[in-house]
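Protein sequences appear in the order of chains A and B. For what it's worth, my numbering labels the leading residue of the first sequence as 11, then goes sequentially. For what it's worth, my numbering labels the leading residue of the second sequence as 11, then goes sequentially.
Honestly, the hints are just simulated from the structure, not real lab data. Being a predicted model, the structure only gives us computed values, none of them experimental. Hints should not be assumed to be uniformly reliable.
If you want the ones that stay clear, here's a sample from chain A, every Cβ over 10 Å from chain B, calculated [what the hints assert, rightly or not]: (1) Q200; (2) L209; (3) D228; (4) I274; (5) K280; (6) R285.
Below 30 Å or equal to it, Euclidean Cα-Cα: the simulated DSSO-like pairs (lysine-lysine) are [claimed, not checked]: (7) B/K81 <-> A/K231; (8) A/K280 <-> B/K132; (9) B/K132 <-> B/K103; (10) B/K231 <-> A/K146; (11) A/K81 <-> B/K231; (12) B/K231 <-> A/K280; (13) A/K146 <-> B/K280; (14) B/K34 <-> B/K49; (15) A/K231 <-> B/K231; (16) B/K146 <-> A/K231; (17) A/K49 <-> A/K34; (18) A/K231 <-> B/K280.
Glycine included, each C-beta is placed from N, C-alpha and C at the ideal position.
Number of protein chains: 2
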Amino acid sequence: MIRISIDAMGGDFGPEVIVPSLAKVLVRRPDVRFVVFGKESTTLPVLKRFPEIERVSEFVHCEISVRMDDKPSRALRHGRWKSSMWKSIEAVKAGDADVCVSAGNTGALMAMSKFCLRPMAKIERPAIAAIWPTMKGESIVLDVGATIGADAQQLIDFSILGSAMARALFGIERPVVGLLNVGVEEIKGQEEVREAGRLLRNAVMPTMEYHGFVEGDDLGKGTVDVVVTEGFSGNIALKTAEGTVRQIAGYLREAMDRTVMARIGYLFAKGAFDRLREKMDVRKANGGVFLGLNGIVVKSHGGTDQEGFAAAVELGYDMARNKLLAKIANDIERFHGQHVGGRDEGTAGTGKSDDEHRGGVD
Amino acid sequence: MIRISIDAMGGDFGPEVIVPSLAKVLVRRPDVRFVVFGKESTTLPVLKRFPEIERVSEFVHCEISVRMDDKPSRALRHGRWKSSMWKSIEAVKAGDADVCVSAGNTGALMAMSKFCLRPMAKIERPAIAAIWPTMKGESIVLDVGATIGADAQQLIDFSILGSAMARALFGIERPVVGLLNVGVEEIKGQEEVREAGRLLRNAVMPTMEYHGFVEGDDLGKGTVDVVVTEGFSGNIALKTAEGTVRQIAGYLREAMDRTVMARIGYLFAKGAFDRLREKMDVRKANGGVFLGLNGIVVKSHGGTDQEGFAAAVELGYDMARNKLLAKIANDIERFHGQHVGGRDEGTAGTGKSDDEHRGGVD
Numbered sequence: 011m012i013r014i015s016i017d018a019m020g021g022d023f024g025p026e027v028i029v030p031s032l033a034k035v036l037v038r039r040p041d042v043r044f045v046v047f048g049k050e051s052t053t054l055p056v057l058k059r060f061p062e063i064e065r066v067s068e069f070v071h072c073e074i075s076v077r078m079d080d081k082p083s084r085a086l087r088h089g090r091w092k093s094s095m096w097k098s099i100e101a102v103k104a105g106d107a108d109v110c111v112s113a114g115n116t117g118a119l120m121a122m123s124k125f126c127l128r129p130m131a132k133i134e135r136p137a138i139a140a141i142w143p144t145m146k147g148e149s150i151v152l153d154v155g156a157t158i159g160a161d162a163q164q165l166i167d168f169s170i171l172g173s174a175m176a177r178a179l180f181g182i183e184r185p186v187v188g189l190l191n192v193g194v195e196e197i198k199g200q201e202e203v204r205e206a207g208r209l210l211r212n213a214v215m216p217t218m219e220y221h222g223f224v225e226g227d228d229l230g231k232g233t234v235d236v237v238v239t240e241g242f243s244g245n246i247a248l249k250t251a252e253g254t255v256r257q258i259a260g261y262l263r264e265a266m267d268r269t270v271m272a273r274i275g276y277l278f279a280k281g282a283f284d285r286l287r288e289k290m291d292v293r294k295a296n297g298g299v300f301l302g303l304n305g306i307v308v309k310s311h312g313g314t315d316q317e318g319f320a321a322a323v324e325l326g327y328d329m330a331r332n333k334l335l336a337k338i339a340n341d342i343e344r345f346h347g348q349h350v351g352g353r354d355e356g357t358a359g360t361g362k363s364d365d366e367h368r369g370g371v372d
Numbered sequence: 011m012i013r014i015s016i017d018a019m020g021g022d023f024g025p026e027v028i029v030p031s032l033a034k035v036l037v038r039r040p041d042v043r044f045v046v047f048g049k050e051s052t053t054l055p056v057l058k059r060f061p062e063i064e065r066v067s068e069f070v071h072c073e074i075s076v077r078m079d080d081k082p083s084r085a086l087r088h089g090r091w092k093s094s095m096w097k098s099i100e101a102v103k104a105g106d107a108d109v110c111v112s113a114g115n116t117g118a119l120m121a122m123s124k125f126c127l128r129p130m131a132k133i134e135r136p137a138i139a140a141i142w143p144t145m146k147g148e149s150i151v152l153d154v155g156a157t158i159g160a161d162a163q164q165l166i167d168f169s170i171l172g173s174a175m176a177r178a179l180f181g182i183e184r185p186v187v188g189l190l191n192v193g194v195e196e197i198k199g200q201e202e203v204r205e206a207g208r209l210l211r212n213a214v215m216p217t218m219e220y221h222g223f224v225e226g227d228d229l230g231k232g233t234v235d236v237v238v239t240e241g242f243s244g245n246i247a248l249k250t251a252e253g254t255v256r257q258i259a260g261y262l263r264e265a266m267d268r269t270v271m272a273r274i275g276y277l278f279a280k281g282a283f284d285r286l287r288e289k290m291d292v293r294k295a296n297g298g299v300f301l302g303l304n305g306i307v308v309k310s311h312g313g314t315d316q317e318g319f320a321a322a323v324e325l326g327y328d329m330a331r332n333k334l335l336a337k338i339a340n341d342i343e344r345f346h347g348q349h350v351g352g353r354d355e356g357t358a359g360t361g362k363s364d365d366e367h368r369g370g371v372d
């Protein structure tokens, strides 16, 4: 049984989209249980329409909802302790849920998640990880926008977080990790990326294999399982790819609608087009995962539909099922700081932090 | 008449691809003239096969060729003064050509261009500008990899360079400029991007209109005419988009080849697919433009074919025809430094630089 806390008020459409999507999840993951946080007047009527969901869910009324345009500071001020967003995160902290899913606004969700769950011991900054469809299958890309800039140690932390996620989701024993960089000979990238590359090259980590630098076009190729970068370029890469997919989908629609011959051809090839549409469907890769906190939070796109939100919930389910948090805690325990100051430095003098950290993994 | 210097030895295929491509250019731009730099033994036999090109070209033998894997330092050491790459750049400096086109390696070409042409007065760093196909047409994106990182003043310089290029290429009187940034509420981007945004917002520039921040998915939408960013994220955005196009082209081929129905559909819709292929053709947007030097250099993809190299040459032709360099010089003269230290600071005390700078524009 995997228990998932749901912020029913998040996203552009709230409970009307979120509750029905849970029914889809239940079909595909029958042992799922939900704790649904939302406003009674708008959430309960939808829940009533899905008795199968009501049966496996606990509903908790929350008077306050964080708005999609709330600034993180405002969301914290007004929504802490009592909003559906806060309560759904808090359920993970309290051990009432294994993972939290919200389609609420990213800034507020990250601010509340940091405040409530706090970063894991030894991890300075959380990251947002995205699932990236590739020619070979899927990769994980992080950070796609939690923070801007990252030093070498933080990039190594992202490698640890991302490779643990790849093991939990893809079932690969030793995921291949690459550092995103530019290929122009003369410059070869930021100093912190080069430094992280040197450290990863020398590190001995049985839970990941360091590939070296990768470039923007390696993302779609699926050259590596995990692509590590700081949040500014990661966010730009993610949105550029999404934009390019939409752009080509637009070209395709336009081309197929221009002539009678093309429209006839479209009818014959409709099955193929449906398959292509599925491949290009950005909803299927919906869900940014907050990593590096004492609990897993999945952020769904705000404008997503039922299928998209269901994909985000199932992502959370799969990670919880495969004990992502324990994997991360274990890897950090073993490898964090190994590269910078040697193994000893990494484990010495951190008694208190270790306790905190173990506390978060239970 | 527009005179273009050609490095015939650049790229993966050298004169075998480059010389025939000039024939395509000549058909579409009949008043073009070439100065072709290359090794006699390999270039002249190909030139002989195209008498129409021979008629409008001057050929200059160069013993040395810069290799595609030469480091910039090595290329400068071995190829300065005498390689086909150097000579073709030097032709622009000497006034023998209006623009230079090479498919040689980016690092070496940029190092030689900087060394030979030098940055324009008041411009600290050159940028590489790319033409980006969008839903609405085309945009200009810079810097896509000349240097990593940029302060606020450099981002403003890029805005000036890019908007001049948009005026020269697209014939827009007042191109709309956006700064590439991330959309996460909490962080809102690097300090230098925010600072550049504030300065551009307050500047009064009749030759550009400042739009504000744009995100990665605005690139494909064509939200603005010119997207400004520093070279690391610009390079990653460009290569991510190219990779995504190839990825979807792969999906499409695979989908259309899977069933008999799809193959029949493909035959009916072949015209539409050809149109789509043309839209998705990365060759057509081939050509990074080095801006901010006392002369325009176009870098073609090394692995390109005849059509791709021809596109790069025609890009160079069009910019020279529309007096890009004079437009840039004029804008810098009027606006550089206006934002940082006021109008006076921008034009005072730069007598010598101004002379140098004007010298480069003739």
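Hint by hint, here is what the structure shows:
no. : hint              : verdict
1   : Q200              : 6 Å, violated
2   : L209              : 20 Å, holds
3   : D228              : 7 Å, violated
4   : I274              : 5 Å, violated
5   : K280              : 7 Å, violated
6   : R285              : 5 Å, violated
7   : B/K81 <-> A/K231  : 26 Å, holds
8   : A/K280 <-> B/K132 : 57 Å, violated
9   : B/K132 <-> B/K103 : 18 Å, holds
10  : B/K231 <-> A/K146 : 27 Å, holds
11  : A/K81 <-> B/K231  : 26 Å, holds
12  : B/K231 <-> A/K280 : 26 Å, holds
13  : A/K146 <-> B/K280 : 27 Å, holds
14  : B/K34 <-> B/K49   : 22 Å, holds
15  : A/K231 <-> B/K231 : 23 Å, holds
16  : B/K146 <-> A/K231 : 27 Å, holds
17  : A/K49 <-> A/K34   : 22 Å, holds
18  : A/K231 <-> B/K280 : 27 Å, holds
Against the hints set out earlier in the document, violations occur for numbers 1, 3, 4, 5, 6, 8.
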